[in-house]
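S.K.: Since the structure of chain A is already known, use the hints to place chains B and C on it.
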Amino acid sequence: MTDLALEGVSYRYRQGATLALDGIDLHIRAGERVAVVGQNGSGKTTLVRHLNGLLRPTLGRVLHDGRDVARRTVAQLARTVGLAFQDPDRQIFAGSVRREVEFGPRNLGISGGELHRVVDEALAEVGFAGEASTNPYDLGASRRKLLALASVQSMGTPVLILDEPTTGQDMRGVEIVKLLIDRAHAAGRTVIAISHDMEFVAASFDRVVVLRLGRVILDGSPASAFDEGSWEALRSTYLEPPLPAIIGSRLGLGATPTDDELLAAL
Amino acid sequence: MTTALAVLAGGLLGPALLTAVAVVVPAVIGRIFGRLLRTALLLTLPIAVSVLVVNLFFFPAGRDVLFQLGPVTATAEGLEFALETLARIGAISGAITLFYLTTPPSELVLDLERRGVSPRIAFVALASVQTVPALVERAATITAAQRARGLDTEGSLWRRLRGVLPLAGPVLLGSITEVEARTLALEARGFTRPGRRTLLWWPPDSARQRLARWVLVLAVPLLLVARALGWLGWLN
Amino acid sequence: MLTLESVTYRYAGAPRPSLHDVSLELHSGEVLGLIGASEAGKTTLCLVASGLAPRTMGGTLTGRVLVDGEDTAPLAMHELAGRIGIAFASPATQLSGVAATVYEEVAFGPMNLGVPRSELIARTEEALTALRIESLADRDPALLSGGQQQLVAIAGLLALRPAHLVLDEPTAQLDPAGTAMVAAALAGLAAGGASILVAEQKTDLLLGICSRVLVIDSGRAVLDGPAAEILTGPQLADLGVAPPAAIRLRRAAVNASLPAATLARLDEAIAHAMPQ
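Residue numbers (our numbering), protein chains in the order written: chain A, 1366 to 1631; chain B, -18 to 217; chain C, 176 to 451.
Only chain A is shown next, with the shape it has when bound in the complex (with noise of 0.2 Å):
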């Protein structure tokens, strides 16, 4: 298992262009399932790309279990940290749902019946077991998102980070990222998602990052960055906290962020 660490992590994409993250320092211990959310353009998938290696600090450091990381590939670094990308069109190339889940663990070295294995897992996890050898271009939009999650999952890396995996999803597909992210969370790995969906971030997540402009504005609990306190830096980033929170706000009952934290309040 992995902790994770930005120091003092500041990026600029080209030269003479704003910083895109403005000193960064975020810890994440091995474990934390952490919604990282802000308005586009706030630096979010900018922050997560450097935990893989795809970007590189232009000051600062990017730490795993406290070594710095600058001199290790990014294909190096995949064996620690998965990462699904947010338009599911621009990761999908295999002819069948097996080959392209298969490509991550083989990249990192697994096959043979261990092979085998990740993948009908990572399959019937988001209720693919049937569609083996369907091709990913016949399944919707939405469908392929889910199998884009998938391959990133059935690596079985430490740390799962997925970039905003509810996006064009119904509530069944939300309800099937939601148990994706619980079942890696009782193995132990650590979640990171950028998320616009408050619920969905209220509901499976211990930790909220806030960013605006490249930095980190609130941290904590989803019952403290859903406060009442926090709602000014919610709003001035373009969130609304989710409805429960709002209502037990008013009704004086205090931080309850999901509905039911919101009933047992009442």
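Source of the hints: derived by calculation from the structure; they are not laboratory data.
Just so it is clear, CB atoms sit at the ideal spot from N, CA and C, and this is done for glycine as well.
Where hints are given, some of them may not hold.
[Unchecked claim] To give a feel for the contact side, a few chain A residues facing chain B, derived at Cβ under 8 Å:
| # | residue |
| --- | --- |
| 1 | M1366 |
| 2 | D1368 |
| 3 | A1440 |
| 4 | A1443 |
| 5 | R1455 |
| 6 | Q1456 |
| 7 | Y1502 |
| 8 | S1516 |
| 9 | Y1603 |
[What the hints assert, rightly or not] Here are a few chain A residues that face chain B, going by a calculated C-beta distance under 8 Å:
| # | residue |
| --- | --- |
| 10 | I1475 |
| 11 | S1476 |
| 12 | E1593 |
[As the list claims (entries may be wrong)] Here are the simulated distance ranges between beta carbons:
| # | chain 1 | residue 1 | chain 2 | residue 2 | range |
| --- | --- | --- | --- | --- | --- |
| 13 | C | G238 | B | V113 | 52 to 58 Å |
| 14 | B | V30 | A | T1438 | 29 to 35 Å |
| 15 | B | A1 | C | D313 | 34 to 40 Å |
| 16 | A | R1421 | B | V46 | 48 to 54 Å |
| 17 | A | D1571 | C | S181 | 42 to 48 Å |
| 18 | B | I10 | C | L250 | 51 to 57 Å |
| 19 | A | D1571 | B | V113 | 18 to 24 Å |
| 20 | A | D1571 | C | A427 | 19 to 25 Å |
M.R.: Leaving out everything else, chains B and C in the frame of chain A:
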């Protein structure tokens, strides 16, 4: 047009004069000489260097030895031929760069359309120019996505070759889906209607611009004739 | 009025139809929300209602699509373009890609239709004003945020002056800021009397702007009624659609057998938390 003239004029002085008149002067007036120089150099430096080296040392008809460098000999004839070629390359790349820097693609298309080119052809011309950066961006994202799944793009040649399919697949398929989406959107906005479109505006075309174009157009046959009759010897 | 009469549609090469015997009426000045699980047929219905299917998509259609009582079957796509407009989920791919400024982008549709230049300018400016994006007029569309691009796309439709608008998940790919922009624009258009068919996963958004809601399931229209009734109804979750947060919360409270006084407090707080 400058390009054609430069090739026709031949010699060293011809293209150099042309470049000065038709490229450098307008660029200086337009205050883009710095950018022009940088872009043109970037475009032609590799070719220019190889042209110079190859001709200087290996020009077949070279006799007049300039200097010796190890096993190879630099000749005056080689140098002369290299400089002539460079002058033409300079004129060609200067003209193309000037055109590229001063003509926004959308204006070119509007102007073509005003001159009666079908909007569909004009659109394809423009869209293909403007798709290039999008394609480059898409390829970069796809490469990043596959590296994040452990694809080693930094290893041996064999590894790199193996990595082509996971990159080429999404680039191609993605482009196709995007074209489909774009087609729907364009059709929904009446793009396939036959007949002329209303143009919102078109680029101004001043009397002086028209005059300059005609001078250049007329210069082509004149130079052709002049060269054929051997009147241009003084340019060398 | 936009009318679908027993429409069944099958994509080219598909083994089965994606829409079965769907009928609907979109009246002038009405906002009709279209909901359903992924792949239930929302996008297909939008393509059929806009005329793109089968004209551009191919495939086979039975039944009739009528605009203001006129059968659309003999009309070409460019003849429908000024009567029904359609916007898609992806902000970038529905822009023309050839306009250097937002102004030219918005003008693109009526330019194609060949309307006189003075009217072209009037329509473009009116559409920019309707979506309150006059300040973006000189910007490069490619450099805008997703939400801004979506507003430009909708303005581009309005400039065609269609009597009916079809929007296929216009906020699906947007962040909360972009979603808020588009929601406000839709509410404004609805208040202005436009007739709109809008497919959405976000039922909270529909609750605020729709008068009626149609639910489709496996290509069939299964529920059609007043928005408040359908969105608060018990069947929604069974059809794979997440109910609005307030409805979900209220139902959970009832299921938890909270005392009546507590429920009343909850209702009052929910009413207060909702927009408007």
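S.K.: Starting from the range 34 to 40 Å, see whether the pair A1 of chain B and D313 of chain C falls in it by beta-carbon distance.
M.R.: For A1 of chain B and D313 of chain C the Cβ distance comes to about 36 Å; the hint holds.
S.K.: Please check whether R1455 of chain A passes as an interface residue: C-beta within 8 Å of a C-beta belonging to chain B.
M.R.: With Cβ-Cβ at 5 Å, under 8 Å, it holds.
S.K.: Does S1476 of chain A pass the interface check with chain B, least Cβ-Cβ distance below 8 Å?
M.R.: It is violated, given that the least Cβ distance between S1476 of chain A and chain B is near 13 Å, above 8 Å.
S.K.: Does the hinted range 18 to 24 Å hold for D1571 of chain A and V113 of chain B at CB?
M.R.: violated (44 Å)
S.K.: Using the Cβ atoms, figure out if V30 of chain B sits within 29 to 35 Å of T1438 of chain A.
M.R.: holds (33 Å)
S.K.: Taking the closest Cβ pair, is M1366 of chain A under 8 Å from chain B?
M.R.: This hint is violated: M1366 of chain A lies away from chain B, its Cβ roughly 19 Å from the closest one there, beyond 8 Å.
S.K.: Can you tell me whether the CB distance of I10 of chain B to L250 of chain C sits inside 51 to 57 Å?
M.R.: Holds - the Cβ-Cβ distance for I10 of chain B and L250 of chain C, about 53 Å, lies within 51 to 57 Å.
S.K.: With 8 Å as the cut and Cβ atoms as the points, is A1443 of chain A at the interface with chain B?
M.R.: Holds: closest Cβ of chain B sits about 4 Å from A1443 of chain A, inside 8 Å.
S.K.: Does the Cβ distance between D1571 of chain A and A427 of chain C fall inside 19 to 25 Å?
M.R.: holds (22 Å)
S.K.: Have a go at the Q1456 of chain A hint: is there a Cβ in chain B nearer than 8 Å to its own Cβ?
M.R.: holds (4 Å)
S.K.: Restraint: I1475 of chain A near chain B, CB-CB cut 8 Å. Satisfied or not?
M.R.: violated (10 Å)
S.K.: Once the shortest beta carbon distance from A1440 of chain A to chain B is found, is it less than 8 Å?
M.R.: This interface hint holds because 4 Å falls under the 8 Å limit.
Checked against the numbered hints given earlier, the structure breaks hints 1, 2, 9, 10, 11, 12, 13, 17, 19 and satisfies all the rest.
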